[in-house]
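*Asks:* Here are the chains, one letter per residue:
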Amino acid sequence: MNEGIYNPFTLKGRKVLVTGASSGIGQGIAIACSQAGASVILNGRNETRLAETIALMKEGEHRIVTADLTDALSVKDAVSMLPGLDGIVHCAGIGQRIPCRELREDDIDEVMNTNFKAPVMLQAEILRQKKMNREGSIVFIASIAAESPSMGNAVYSASKGAIISYANCLGVELAPRHIRVNCISPAMVRTGLIFKGAVTEEALKADEARYPLKRYGTPKDIAYLTVYMLSEASAWMTGSNVKITGGANSLINNGLY
Amino acid sequence: MDIHEFIKQLAEQFDDTDPSEIKPDTKFQELEDWSSLTAMGIIAFVKTIYGKEITGLEIRSCSTVADLFRIVSNK
Numbered sequence: 051m052n053e054g055i056y057n058p059f060t061l062k063g064r065k066v067l068v069t070g071a072s073s074g075i076g077q078g079i080a081i082a083c084s085q086a087g088a089s090v091i092l093n094g095r096n097e098t099r100l101a102e103t104i105a106l107m108k109e110g111e112h113r114i115v116t117a118d119l120t121d122a123l124s125v126k127d128a129v130s131m132l133p134g135l136d137g138i139v140h141c142a143g144i145g146q147r148i149p150c151r152e153l154r155e156d157d158i159d160e161v162m163n164t165n166f167k168a169p170v171m172l173q174a175e176i177l178r179q180k181k182m183n184r185e186g187s188i189v190f191i192a193s194i195a196a197e198s199p200s201m202g203n204a205v206y207s208a209s210k211g212a213i214i215s216y217a218n219c220l221g222v223e224l225a226p227r228h229i230r231v232n233c234i235s236p237a238m239v240r241t242g243l244i245f246k247g248a249v250t251e252e253a254l255k256a257d258e259a260r261y262p263l264k265r266y267g268t269p270k271d272i273a274y275l276t277v278y279m280l281s282e283a284s285a286w287m288t289g290s291n292v293k294i295t296g297g298a299n300s301l302i303n304n305g306l307y
Numbered sequence: 156m157d158i159h160e161f162i163k164q165l166a167e168q169f170d171d172t173d174p175s176e177i178k179p180d181t182k183f184q185e186l187e188d189w190s191s192l193t194a195m196g197i198i199a200f201v202k203t204i205y206g207k208e209i210t211g212l213e214i215r216s217c218s219t220v221a222d223l224f225r226i227v228s229n230k
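The listed protein sequences correspond, in order, to chains B and D. Offset between the first sequence (1-based) and the working numbering: plus 50. Offset between the second sequence (1-based) and the working numbering: plus 155.
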């Protein structure tokens with residue numbers, strides 16, 4: 051990048067933690083943050099897959115911190131290894147499609163533990179260990195599912211609604227230190243998460259064609275909005291939840307299964 | 156696996172179809188209250204009851220209840 055041109059979107063000199071960095075949106079975010087100049091700390095469970103992400107990133111002082119975020123002890127250890135952070139992107143998450151009638155306690159725990167409890171507990175540990183720098187930025191990858199219902203998506207939608215509500219309160223608590231907290235709610239993004247299980251490519255193509263911009267999102271689409279939220283350019287933005295949808299703000303993705 | 160037990164579970168997924176209508180040769184995807192939600196329900200009960208994973212594509216590939224039973228029992 052030309053040093054003579056002012057770039058309000060730069061992440062140069064910033065240390066950014068990205069959870070769920072081994073695949074999908076998290077991987078795209080780790081790559082984009084490195085391109086914007088950040089030192090990225092990649093979190094996931096599998097070191098080999100995280101190393102694959104690093105291979106795709108622009109060179110820099112990147113690090114891998116493996117941890118199962120649903121395990122409190124593991125989280126405590128992992129956080130103790132972190133430097134002071136200027137940015138956190140909570141991206142680790144899982145999907146689920148089960149009709150309400152068939153939901154069992156384990157199904158609820160599985161999704162809520164990963165999509166809600168884990169980021170909340172990680173964030174708490176980071177704050178207790180004083181690893182969040184002043185004027186930092188925290189981003190939660192939520193989903194339009196929080197507001198756009200679709201069949202079989204009840205617990206997933208609820209987990210995203212929960213994290214959005216949590217993020218709003220976190221933002222209020224951290225505002226005195228000028229730490230900003232925002233959410234990103236994407237519509238369908240092409241990642242391993244949506245291909246898992248039943249969906250055929252034809253069904254996806256048909257659904258995709260209903261999007262005004264005629265395609266699903268890519269991890270890169272979400273990553274550039276994340277870079278904006280982590281950068282100085284969004285200095286007056288906190289407590290926001292930005293939808294990024296290719297125009298599909300209220301489409302219901304039925305018929306995929 | 157017992158096909159009668161399987162049919163009993165399958166019948167649970169239909170709100171408006173009488174359980175007696177569901178037999179091994181029933182073309183279950185042609186039943187009036189069949190929907191994508193029913194398919195999701197089948198995926199869920201097969202996992203909960205039998206600890207097996209089937210996909211929507213596999214369900215759609217079946218014509219009769221017996222076909223579906225065969226796929227699940229061969230998992």
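These aren't lab readings, by the way, just hints derived from the structure by calculation. Mixed in with the good hints, there may be bad ones.
Here are some chain D residues the structure puts well away from chain B; computed CB gaps all over 10 Å [stated by the list, open to error]:
| id | residue |
| --- | --- |
| 1 | M156 |
| 2 | P174 |
| 3 | E176 |
| 4 | K182 |
| 5 | Q184 |
| 6 | E185 |
| 7 | D188 |
| 8 | F200 |
| 9 | A221 |
| 10 | K230 |
Just some of the chain D residues that point at chain B, by a computed CB distance under 8 Å [unchecked claim]:
| id | residue |
| --- | --- |
| 11 | A166 |
| 12 | L192 |
| 13 | M195 |
| 14 | T203 |
| 15 | G206 |
| 16 | L212 |
| 17 | S216 |
This structure is a prediction, so every number in the text was calculated from the model and none was measured. Just so it is clear, CB atoms sit at the ideal spot from N, CA and C, and this is done for glycine as well.
*Asks:* If a hint holds in the structure, say so; if it doesn't, say that too.
*Replies:* These are the hints, each one checked on the structure:
Every CB of chain B is more than 10 Å from the CB of M156(D) (nearest about 19 Å), matching its label as outside the interface. Look at P174(D): its CB is around 16 Å from the nearest CB on chain B, clear of 10 Å, so calling it non-interface holds up. No beta-carbon of chain B is positioned within 10 Å of the beta-carbon of E176(D); the least distance is around 20 Å. Interface exclusion of K182(D) from chain B stands, the closest Cβ pair being 19 Å apart, more than 10 Å.
Listed as outside the interface, Q184(D) is consistent with that label: its C-beta sits roughly 13 Å from the nearest C-beta of chain B, beyond the 10 Å cut-off. Non-interface status of E185(D) relative to chain B is upheld: no Cβ of that chain comes within 10 Å, the nearest being about 17 Å off. Listed as outside the interface, D188(D) is consistent with that label: its C-beta sits roughly 13 Å from the nearest C-beta of chain B, beyond the 10 Å cut-off. Separation of F200(D) from chain B is inadequate, the least Cβ-Cβ distance of about 6 Å not exceeding the 10 Å criterion.
Once the 10 Å rule is applied to beta carbons, A221(D) is consistent with being away from chain B; the minimum gap is 21 Å. Distance check on K230(D): its Cβ is at least 14 Å (rounded) from any Cβ of chain B, clearing the 10 Å threshold; non-interface status holds. Taken as an interface hint, A166(D) does not check out: its beta carbon lies about 14 Å from the nearest beta carbon of chain B, beyond 8 Å. Because the smallest distance between the Cβ of L192(D) and any Cβ of chain B comes to about 5 Å, under 8 Å, the interface hint for this residue holds.
Taking 8 Å as the C-beta contact cut-off toward chain B, the hint placing M195(D) at the interface holds, the least distance being around 4 Å. The interface hint given for T203(D) is met, as the beta carbon of that residue sits about 6 Å from the closest beta carbon of chain B, less than 8 Å. Below 8 Å, beta-carbon pairs count as interface contacts, and G206(D) has none with chain B, the closest being about 12 Å; its hint is therefore violated. At about 6 Å, the closest approach between the beta carbon of L212(D) and any beta carbon in chain B falls short of 8 Å, and the interface hint on this residue holds.
A cut of 8 Å between beta carbons decides the hint on S216(D): the least distance to chain B is about 11 Å, and the hint is violated.
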